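Q: Sequence:
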Amino acid sequence: MAALPTSGTPLGLGLRRNFLAELAARDPLPLDFLETSPENWLRFGGRPAHTLRELSERVPLFAHGLSLSIGGPDPLDRVLLDAIARFLEEHRCPYYSEHLAFCRDGSYLHDLLPIPFNDDTLCHCRDRIAQVQDILERRLLLENTAYYGDFASSTMSETEFFCELVRESDCLILLDINNLYVNSRNHGYDAQAFLQALPPQRVVYLHLAGHAPHPSGQLIDTHDRGVSAPVRELLRQALTLLGPRPILLEWDHAIPGLDQLLDELGQLAATTRPNAA
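Going by this note's numbering, the residue at position 134 of the sequence shown is 252; the numbering climbs one at a time, nothing skipped.
Keep in mind that the hints are not guaranteed to be accurate.
[As the list claims (entries may be wrong)] Pair ranges (Cβ atoms, derived):
(1) Asp145 with Ser334: 44 to 52 Å
(2) Asp381 with Tyr266: 25 to 33 Å
(3) Ser334 with Ala142: 39 to 47 Å
(4) Pro148 with Asp370: 14 to 22 Å
(5) Arg354 with Thr273: 28 to 36 Å
(6) Gln310 with Arg165: 22 to 30 Å
(7) Arg165 with Leu254: 26 to 34 Å
By construction, these hints were calculated from the structure, which means they are not laboratory data.
What you are looking at is a predicted structure, and each value in this text was computed from that prediction instead of being measured.
Quick reminder that beta carbons are idealized off the backbone N, C-alpha and C, glycines included.
Could you build the full structure based on these sequences and the hints that come with them?
A: Structure (structure tokens):
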């Protein structure tokens, strides 16, 4: 089974079919791990599926879900969960993560929508995470998700809600540094205080991505450009508090060539070194 390096900061890339074959042809692979969404592969075969299997034998493949709708009203999709379980087993994925959001209400909404931060929602999400962990027989990694509106029914801050949910559900954390920066700017809270409130032993790895300003004044988590300087600085602060963690670059829209992606990953690696500018 492929394993992460035991020293340094492991670096990974969100896998896209745009560069699947080109990446597989590299020997050795120029990264330490990959991440992909199981939903994009559950009904997909042929050469790309074979190439994915070859890659998952060479480096660890982290699974990052898009469709569970942890915060949504619909019952959990057991058919989907069973298919995800088979994917995790086939590729021996060490981790499976999902978003703190909802994306299904009668049908899939093809978006990650926000939830109110209150006791009722916390209990609902806690129970659903427990179901997922029981079915998959592994701990779920929960990602802090970018959101762009507030609910009048919220009685907690995002920081309070997220940390309490992690504690009560006994899940792990996929910390998205870009989402944290975007949310802190859009909703006017202290990103450093969010980092300090997290249980560091639960944070497994980190996401980095690009964002863009909207005419409304909000920042939007776009995943279509490089990582900004303020997000790199927040990464440095996170690593100071948490210690070394694997870092993954997400780039899902306007995807450049593989060499540019690897160059961006190298710049993130430089950010993690002591005394980096």
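Q: It remains to establish, for every hint, whether it holds in the given structure.
A: Do the hints match the structure? See the list:
no.: 1; hint: Asp145 with Ser334: 44 to 52 Å; in the structure: holds, 47 Å
no.: 2; hint: Asp381 with Tyr266: 25 to 33 Å; in the structure: holds, 30 Å
no.: 3; hint: Ser334 with Ala142: 39 to 47 Å; in the structure: holds, 41 Å
no.: 4; hint: Pro148 with Asp370: 14 to 22 Å; in the structure: holds, 20 Å
no.: 5; hint: Arg354 with Thr273: 28 to 36 Å; in the structure: holds, 33 Å
no.: 6; hint: Gln310 with Arg165: 22 to 30 Å; in the structure: violated, 46 Å
no.: 7; hint: Arg165 with Leu254: 26 to 34 Å; in the structure: holds, 28 Å
The structure is inconsistent with hint 6 alone, although it conforms to all the rest.
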